[in-house]
Amino acid sequence: CGFHLRGTGGGHQLPFSRLALNAADGPTNPLTRQVQQALNSAGVVVEDSAPWRLNMGPESFDERELTYGDAGIQERQMTLTLPWSLQRRDDNAYLVSQESLSLSGTFYTSSDQLLTRDDARNQLRRELRQQAARRLIDRLQNLDPGDAS
Amino acid sequence: APQPLPADRLDWQAWGSNRPAGSLCRGRYVVPNYEIEAGDTPETIRSESDRAGYAGDGVTTLAGEVVLRRGNQQLQAQQATLNEARSNVALSGGVTYRQPGLLVRGDDGDVSLDSDAASIDQAHYVAHEQRLRGDAARLERLEDGRYRFSDATFTTCEPQSRLWRLAASDITLDRENGYGTATHARMEIEEVPVFYWPWLRFPIDDRRLSGFLWPSVSHSSDGGLDYAQPYYLNLAPNYDATVTPRFVTGRGAALGVQTRYLFEEDAGQFEGNYLPDDNEEGGDKRWFVNYAHDGRFDARTDYNLRYGAASDADYFDDFGQTFDEQQTDNLERLARLNYSGTTWNLQARARGYQRLDDNDSDSDKPFYELPALTASARWDQPGGLYQEFGSSATWFWRDVDYDDGSIIPEESVTGTRLHLSPAAGYRRSPSWGFVEPRAQLLATQYDLDWRGDSRTAGFDSTPGRALPVLSVDSGLVFERDATIFGSDWRQTLEPRLYYAYVPYTDQSELPQFDTREQPISWSQLWSPYRFSGPDRVGDINKVSYGLTSRFLEDDSGRQRLALSLGQSYYFEDRDVVDARFDDRIDEQSNLYYFHHRNRSPIIAQADWQVTDRWSVSQSLFYDEIRNRTEKASSYLSYRDEDQLVLNLGYRWQVADFDPFGDEDERTSYNREEFDSSFAWRVTPAVSLLGRYLYDQTNSRALEKLAGVRFNDCCYGVQLAWREYIDDRDTARIGDDETERGIFLSFIFKGLGSVGSGGSSGYFADAIPGVRDEDFGAWQGPNY
Amino acid sequence: LESDRNQPINISADALEISDQDGTAVYTGAVEVDQGSMQLRANRVELQRAESGGLSQMTATGGEDGRAYIEQRPAPDDPLARGWGNRIVYHAGERRVELIGNAELHQGSDIFTGGYVEYFLDTRRVNARGNEQSEGGDGRVRMQLTPAGQQDGSAQ
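Residue numbers (the working numbering), protein chains in the order written: chain G, 1 to 149; chain W, 1001 to 1783; chain P, 2001 to 2156.
Every clue listed holds true.
Pairwise CB distance ranges, derived in the manner of DEER restraints:
#	chain 1	residue 1	chain 2	residue 2	range
1	G	P58	W	L1233	27 to 37 Å
2	W	S1340	G	S60	17 to 27 Å
3	W	D1008	P	L2080	39 to 49 Å
4	W	R1597	G	D48	46 to 56 Å
5	P	I2018	W	P1032	55 to 65 Å
6	G	P58	W	Q1269	15 to 25 Å
7	G	P58	W	A1267	11 to 21 Å
8	G	C1	W	G1295	55 to 65 Å
Where chain P lies over chain W, by a calculated footprint (3+ residues, C-beta under 8 Å):
#	stretch
9	1041-1048
10	1053-1064
Simulated from the structure, these hints should not be mistaken for laboratory data. Where is the CB? At the ideal position from N, CA and C, for every residue including glycine.
Using the sequences and the hints, build the whole thing.
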């Protein structure tokens, strides 16, 4: 039915062999590290002198309570939003400008798990960051450096 | 103050056919060009007039349509006299003073040319950017750049509109710090005074200041009319305070205070409210205090302090001014020191909570961590090998009556816990998939003081436990180009296989300080942990298999649709159970079934961005052993931010899907709820909002919310009506109460948001997609 | 200077025409009139003598850029006062100069331009007007002033 392993058999190769990474939250931010690792494992060398620069805006999480009422376990939805853009280094032309990636997940909490509420929240944050990094690679895979504007 | 000038004298141009869509104002300020060119140096003064004279004593007089230009200041008058030193010019016969963003017209004036000082009598002024205008018997621009108006008015309404204005004997505007102060201030609606302040400070841009502190008016079924009037105390530029007398007809008078301070490296806030005797609660004292302070020693080391306490669990239900506040379920007490290095993260904290639960018994009280020390690190090698180290040492304590029957033996204890969780793994994730074998050791050692006397007689006081956690996660990514519904897609097929093994060991005589068993979820399929917290290490021997297919737009790679399926197959029963329920785990109970079924429910999820505006998300937990849907939720939403937001939701959850609560917390009926909410901007001026949450099982409405927002050029009014069920923190519906409330808030644009706790929190939670700052949003000068 | 009024007047020109009965003398062609620190340059200068025989009035017209030019040093350490006009009338008795039409006066660091500028040499008083007897210009007087701090002639 036409499926082949990604990256083999004429699949889309990442059109960038080298990329500079400019993250608003700084290099030590977990999401920046995730994106860096995802780029490395997709065969992209991350260095400042690369012809193209991936700009990552500040990551932002916001939460909403899905279940009504205070009894028992509540389900909370958390959404990660990451604004990003892709720019050519020499003339700052944009291949992708002001895009924003957003994905969400849910976690459980309740008023008798106050001490471990943050652990569940941080676990979901790690998962959302990992997914966000992969989704960013999906987006980069499809771009054609030719049509920068 | 002198009478306002007609619109055309204030640079105001009404919109003609070029009126932008959605604009609320009937025109805008247009700054005309300068009459004459500026001189070649900023100090040079150029002038144009019908006549000019230079007297022997050096005084220069200009007469007849005089225009003076110095740098970006321009002065116009019939008569202008410059002193010998050219440091000052006196103007008379109708003055116009212009500088970027400001216009002042008056009878006569005196402007210093070598400093910023200027004063104009019988002045009418316009600040174009902030759209502030007003009149003053005298307008002075002080040396330090502040403006002072005496016997003045101030508004952001369009010229010739008298809707609201602030009149005061003295107004000072500090544009640099973004606030104004006024003495003997009175707010006039259509020139009728409605409020009075002896002294007042208000923001003139949206910086730190919380907003013009307006009275908040609301009415609720149990409290009656609730009227709060905040007063702002200006103590220092970085230290301010707000005192809020508040009167609730059904309860009595209360006094609230909020202070904030902001220093170089730290900032803090204290707030509190005190009601001496609450008539509704037999004269009890009702109060709450909340202190928060955050600071930083250096880029890597910061600290936080929190202390919150309330007189009783119902405090916020009765006195919360926004929906968020009303849902406060705990108040945190915390002192925390954080160090985040490149590899190591260290933290020392003392933490505890006051739980605000209506039927709090001692067994519900959370433990205090006095203190907790944690250290964690991670090392990554280029090949994909990584090591993690987690450790925590915690002293648990709580103040409970130990012979209270409700406390289970495993929780009638205090003591210390040392927990180490080193792990090593290898993760390779090329673009065609990933594989991650991982091994972790969970080693815990206790030093306990059992308090349950007979029930905990035989328990070991220094128990320990060490268990391995072994897991392998793997997945592949297949993809193909497909044309479906007539457009090109790149479809991926991502199978995933996960195995986790944790051996069983008896943990029935170990304490349970902060650990709870978690219900099944998508992320739990791919995780070896059944419990949150280290006191219990859930035995598990399972394989999870899943398939995700994603449809990416071929040209942009943006994800349109993602479908995923997943399930776990358990090779063995799960024997470790949350200590709170191991007595209830008889054969027929769901708890028993959940721990002995050999397959988890099939979890299906779908996220579909149908169009740029419509999106659908669906999740389903189907148990094919008992052929029933354990949990399901589907949402349909329409988002057109400034026109219409629409949400339709359905949630289903089988009665004992969450078997882990105590009898107060466990729902005894299937929860089936329909949720619909919308926010519709009918016209740029009028928006309607609403929500209807219906509990199908008990055929009752859980929440009904209706709101209307009227938005005009310089003010906005919002009226919200809400009727909701207060479940009094129990799952039983017998003790539920219906509450009603009407909330009024209004906003004078340019003076910051205002009303009961500002208009935030009413709608953002109840109607997904609504941003509260839309209401009264400052749309910038040309709207 | 104050002392200019009793200095001798030297005049050089291409041609001279004298008519005794009304005591006027007309110099034409690159006329240069000097009296102490005052200098006048024009294409045509007409002198009138008072009954007492002294100079009563000088009227100068035309010059290099079509305008007559006059300069004078009001005080020993002051910068020169310089004036241009389509027509310049110097009233000796009143020590008053009228610059008429395209008038321009540089006094210290101030510059007056307009239809008509009247300047008193000793008191340094100035009056400037737009139209009336002006020849051209929009009837407005323009000035460029420099505050006290920069008086030392930066605006030349």
